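Visitor: Everything in the sequence shown is counted per the working numbering, starting at 1311 for the first residue and increasing by one.
If you are wondering where the hints come from, they were derived from the structure by calculation, not from laboratory data. Nothing here was measured: the structure is a model prediction, and the numbers come from that model. Where hints are given, some of them may not hold.
[Unchecked claim] Below, a list of computed lysine-lysine pairs in the DSS-like style, where the Cα atoms sit at most 25 angstroms apart:
hint: 1; residue 1: Lys1391; residue 2: Lys1415
hint: 2; residue 1: Lys1418; residue 2: Lys1391
hint: 3; residue 1: Lys1452; residue 2: Lys1583
hint: 4; residue 1: Lys1452; residue 2: Lys1327
hint: 5; residue 1: Lys1392; residue 2: Lys1517
hint: 6; residue 1: Lys1612; residue 2: Lys1554
hint: 7; residue 1: Lys1392; residue 2: Lys1312
hint: 8; residue 1: Lys1415; residue 2: Lys1392
hint: 9; residue 1: Lys1607; residue 2: Lys1628
hint: 10; residue 1: Lys1392; residue 2: Lys1327
hint: 11; residue 1: Lys1312; residue 2: Lys1418
hint: 12; residue 1: Lys1526; residue 2: Lys1554
hint: 13; residue 1: Lys1554; residue 2: Lys1628
hint: 14; residue 1: Lys1489; residue 2: Lys1536
hint: 15; residue 1: Lys1536; residue 2: Lys1452
hint: 16; residue 1: Lys1536; residue 2: Lys1526
hint: 17; residue 1: Lys1370; residue 2: Lys1327
hint: 18; residue 1: Lys1418; residue 2: Lys1370
hint: 19; residue 1: Lys1607; residue 2: Lys1583
hint: 20; residue 1: Lys1612; residue 2: Lys1583
hint: 21; residue 1: Lys1539; residue 2: Lys1554
hint: 22; residue 1: Lys1583; residue 2: Lys1526
hint: 23; residue 1: Lys1452; residue 2: Lys1517
hint: 24; residue 1: Lys1622; residue 2: Lys1583
hint: 25; residue 1: Lys1370; residue 2: Lys1415
hint: 26; residue 1: Lys1312; residue 2: Lys1370
hint: 27; residue 1: Lys1612; residue 2: Lys1628
hint: 28; residue 1: Lys1583; residue 2: Lys1554
hint: 29; residue 1: Lys1583; residue 2: Lys1539
hint: 30; residue 1: Lys1539; residue 2: Lys1526
hint: 31; residue 1: Lys1312; residue 2: Lys1327
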Amino acid sequence: MKDEYEFLDVTEIEFDKENPRIKKALEKYGGDNITAERIHFALRSACDDSNSTSSFSRLKDSIHANGGITQPIVVVIQGGKKICIDGNTRLAIYQDFLEQGTTDKWAKIRALVMHDAQQRDIETIRVSAHLVGPRPWPAYEKARYLHYLYHTEFMGFEEMIALCGGNRQDIERQISAYKDMNEYYRDVVDDTAFHIDRFSGFVELQKPQVQQAIFKAGFTLDNFGKWIKDGNIRRLADVRQIPKVLQDQEATNIFVSGGVGSIESAINRIDRKAEAELDPARKKLNLEDAPIDMLAKTLAGKIENMPFSYLKALQQGKSDTDIEAVRIFEDLVDRLGELLESVRK
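All chains should be modelled from the sequences, with the hints used to inform the complete structure.
Guide: This is how it looks when you write it as structure tokens:
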């Protein structure tokens, strides 16, 4: 493969329609008529976040102030076409400046041009730029891309691991979660009601004990999609509580028919019932004598209701006490991680 740096006419470069960051926006707004204008819109939609230093407007201001880009875009030559596979946003900004007619200096852009690039070379660049790049990328979009590599490019797991990192179990879980999210949630809501930030709930769904509990209780994954859509599961981490809830008929009724956040009410009901049935002697246990699961549940409740002032104190770490507390929490996370890893083997 031959590659070289060149200054290319920005009007001759085509956008990458398979760009993972804008794929969803193109499908949503582009339809079959994917024009340069729609790609511009998709790029803005993908990165215009007021809380992100990589937002379209901030990047545009930076490029204008610097008089150009510092990092060349990457272009591949395919069928006589010049396609930008990394740097679509930078290319769009140059095209915007050129269209505004401020100066001709935006007519050409520095690019690393790749001749005779194989599909593997292209995917490697996409992964480097998007999947493991410096800019945050929604988990749903990452999973979409892994799904694409596996089902469209027929890439094996070992090759995907070498390309994207991670391990086979995580990749399989993300691919399955993407499939389930689209089948049981995206396909039953309109575009305005589809939220990719619900993705982690479908990752939790991949745990065998969760699906087994759903099926054993007489429900289906269609029901799960509805629980996500209707907000019965508001905190997505609560998906892992489904087995506990569906084992209790009263809690199940509260969860299924309770509306937004109903799984929280169901969990509270189970906890109150367990507390009422608890052996009085167990209630009076000292912390050192208390079972680990009881301590964990108590700590989870404390974290849930932690005062904002305490959180700020931990973040600022001005006192030795706060610094020590953070160290203790970090140590706890490590120990719990080791415990869970040994339990799940």
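Visitor: Just to be careful, I want the Cα atoms of Lys1312 and Lys1327 compared with a cutoff of 25 angstroms; is the pair within it?
Guide: With a Cα-Cα distance of about 23 angstroms, the restraint between Lys1312 and Lys1327 holds, given a limit of 25 angstroms.
Visitor: What's the verdict on Lys1392 and Lys1517, does the C-alpha distance respect the 25 angstroms limit or exceed it?
Guide: 44 angstroms, violated
Visitor: Between the alpha carbons of Lys1583 and Lys1539, is the straight-line distance 25 angstroms or under?
Guide: 29 angstroms, violated
Visitor: Are the Cα positions of Lys1622 and Lys1583 separated by 25 angstroms at most?
Guide: 35 angstroms, violated
Visitor: Check whether the Cα positions of Lys1392 and Lys1327 lie no farther apart than 25 angstroms.
Guide: 13 angstroms, holds
Visitor: Holds or violated: Lys1539 with Lys1554, Cα cutoff 25 angstroms?
Guide: 21 angstroms, holds
Visitor: Is Lys1612 within 25 angstroms of Lys1628, Cα to Cα?
Guide: Cα-Cα ~22 angstroms, so holds.
Visitor: Given the proposed pairing of Lys1452 with Lys1327, does the C-alpha separation stay at or below 25 angstroms?
Guide: 16 angstroms, holds
Visitor: Quick one, are Lys1607 and Lys1628 close enough, alpha carbons at most 25 angstroms?
Guide: 29 angstroms, violated
Visitor: For Lys1370 and Lys1327, compute the direct alpha-carbon distance and say whether it is at most 25 angstroms.
Guide: 21 angstroms, holds
Visitor: Take a quick look at whether Lys1536 and Lys1452 sit within 25 angstroms of each other, Cα to Cα.
Guide: Holds, because 24 angstroms separates the two Cα atoms, which is no more than 25 angstroms.
Visitor: Lys1391 and Lys1415 were given as a pair; does the straight-line alpha-carbon distance stay at or below 25 angstroms?
Guide: Cα-Cα ~23 angstroms, so holds.
Going down the numbered hints, you'll see the structure goes against 3, 5, 9, 13, 24, 26 and 29, while the others check out.
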